[in-house]
Amino acid sequence: MSDAILSARELHKSYDLGRRKVEVLHGVSLEIASGDFLSLQGASGAGKSTLLHLLGGLDEPSAGEVFAGDQSLFGMGASRLAKWRNREVGFVFQAYHLLPEFDALENVLIPARIAHTGIGVAERRGRELLERVGLAKRMHHLPTELSGGEQQRVALARSLINQPKILFADEPTGNLDSKTGVEVLDLLCELQREAKLTMIIATHDDRVAARAHATLRLADGLIA
Amino acid sequence: MNWYLEVLKKYAVFSGRSRRKEYWYFALFSLLIFIALGVVDGMVGFFSIEAGIGILGREVLVAPLVLVGAIFALLMFIPSLAVGVRRLHDTNRSGWWTLLGLIPCIGHFVLLVFLVQDSKPGENQYGSNPKQLPEPTAGLPFELALALRYLRPKRTFVSMITLISIIGVTLGVAVLIIVMSVMSGFGQQLRERLLELNAHLKVSERGKPLSDYRSIRDEVLSNEAVSGAAPFIIGPVLVETQPDGEESPQVFTPWVRGVDLELELKVSSLVSANNLVAGDIDVALNGLVVGKEFARMLNLRVGDFLAVHSARSFHRIRKAQQEGSEAVLLPDDFEVRGVIDTGHYEYNASFVLASIEDAQALYDLGDAVHGLSVKLHDSKQAETVRQQLLKTLPQGYVVTTWEDENTQILDALKVERNVMFFLLFFVMIVAAFGITSSQITFVVQRTPEIGTLKALGATGWQIMQVFFAQSLVVALLGLTFGFGLGLLVLEYRNEFLELLRVATGFELFPAEIYLFDKLPAQKFSEMGGDLTKIGVGSLFICLLAGVIPAWNASRLKPVEAFRHE
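Protein chains in written order, with this note's numbering: chain A, 8 to 231; chain B, 13 to 577.
For the record, the hints were derived by calculation from the structure and aren't laboratory data.
The calculated SDA-like cross-link candidates involving lysine to any residue, where the alpha carbons are at most 25 Å apart (straight line), are: (1) B:Lys-21 with A:His-147; (2) A:Lys-28 with A:Asp-227; (3) A:Lys-144 with B:Asn-104.
With the hints as extra help, turn the sequences into a complete structure.
See below:
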């Protein structure tokens, strides 16, 4: 257990839909070793996003635990969990979720600014990252002035600004055409290798599975 | 703000380029600082018309402020010149164009056109395009920076909702300041008027007229705090006009006040020559001086005669009836010799002044008077001197202070003022609700972004700070504008009322009701207490209003926020 960077034990998650209670996860357990690159696959509505959110501490399970190393995520308190998300984890979302008022560089810097990193250090790193993802000339463009692929690259740079150990990506190519999707995917894989990231990508894109070290299949709320 | 600091950092750098943002933000903040200094100046009374000349203490207070303003202007001269030159470079012009500023009007206009032009794309001889350089992000904490950014969406300068809530606070604060100041000024003026026309102390004998008033006067005058004492007689009379020709006579019941002109001057301004509107201040031998409203109501002119009936007439009629005689009692005829304006509507409308001797005759007093009016060097000592006089005077004398005599009106004024403050504070609360509702709208609007921030590791506390900072900015802007507007309206209150009267024929403060013909207001320099109370109170309410939306925002869960879409 101690060699796993992230592990889940008997995760249940149910949602209240009016009078009905729908359980999406029926007790998922898994262990992720440091440096793993996993793809999480399953049909729409199988609970991929839900599982990813639970593993990343964005949502609380109805029952069960998630451990980062030896620490229980949901036992550490909201502000320490927020800090963990900020420092140890990066997220890339299907819909990019960039802040519309901020230009590319500012968006990339947000996690660093949340962490109150010195602005000089953060900015240098932010520029490097944007250059790395091929947006050296787009630093001061607003999200609305960027294409989908470009926005996702900014989001990718943002997720790496605080040098996290784990990167979660939820359908990162879902909103992109296939060519751009491949480009973003290539970039993700390169960065994972370079930084020896632990990376979990939830997707139903088979090309991702092909690149991943392993694939987890989620069906009927359980890991198949 | 960052742009402002940026310009200060390049204090005397006349090379390179400055983009529009840098120049105009610098201009904006300089202006704001000047306005702030101006407001402080105004509050201390420098620009206040009422400040007068003779009050040296205030000048001493103002001097450092004026100095600060001057030093600020001096310090800002070089950087503003420098940033202007850099801005001109940015539009691909030589910095020497700055000299256009020396030509009035046309020069300024041309310069303005240059200064608002967009940066020349690409590099020019003065350097690279500043728009490609990063914006300065120095210093400002992330939460505050975010709040400011949200208050100023990209498309419009400020969002409409923000603007409306700022206006709400502005109006609330302005109304509070204006009304409180006018109420205070009203109270002050009333006290001053009361003091002018009323003696600080009144000495009378219990249950009967003051017979030996001359020796009592000497006794009173021997007190060091007393600056003057004069006898008075006061009582109601019935007067009848004696119009010539067809008009029927009018009857009215004013108070007659018997005064010793010479002595009266030492205790009140009632008979001061400054008050004279027509005729002379002369009451000798059946002469009368009347208030201007009284003269207007009865259509009296100097030289007209009035028939005066006093209580004595009825005594005599009763006496005559008892004796069975058929004596016909004729009223005394008095001549109107002067018309005065005491500045106090009630006095102007219902007082007539007669000589002590005539008043004694009207009231059958012999050589007695109703009492002595006493003036003190310092009106605040009234109560102390009252106690002293009660000790030194023989038994059976009554001493009252002016405040005793006017308790009702003074108390009413105080209560009215407090109630008004309380009621008007509800305006502030309503304005604060404006902040709450706009902030709630805002939180809902920004829910996905709040979720993103939380997903990226922002704590609830950080999110709370962002939204709280917004309320703070709205509150502070509202307060600043409110103070500005309030003080401005106060400064020009009478001009404003006059305009209103001329435009609509509507008199907001008719003299008949409000006793004053000009709208009074507290001097700016004396408003410190009220302004602090209003400022702190409003800020507190506004911040309280911002807490709930900020709290809501802080509790959003990242996933819930995403699902919101």
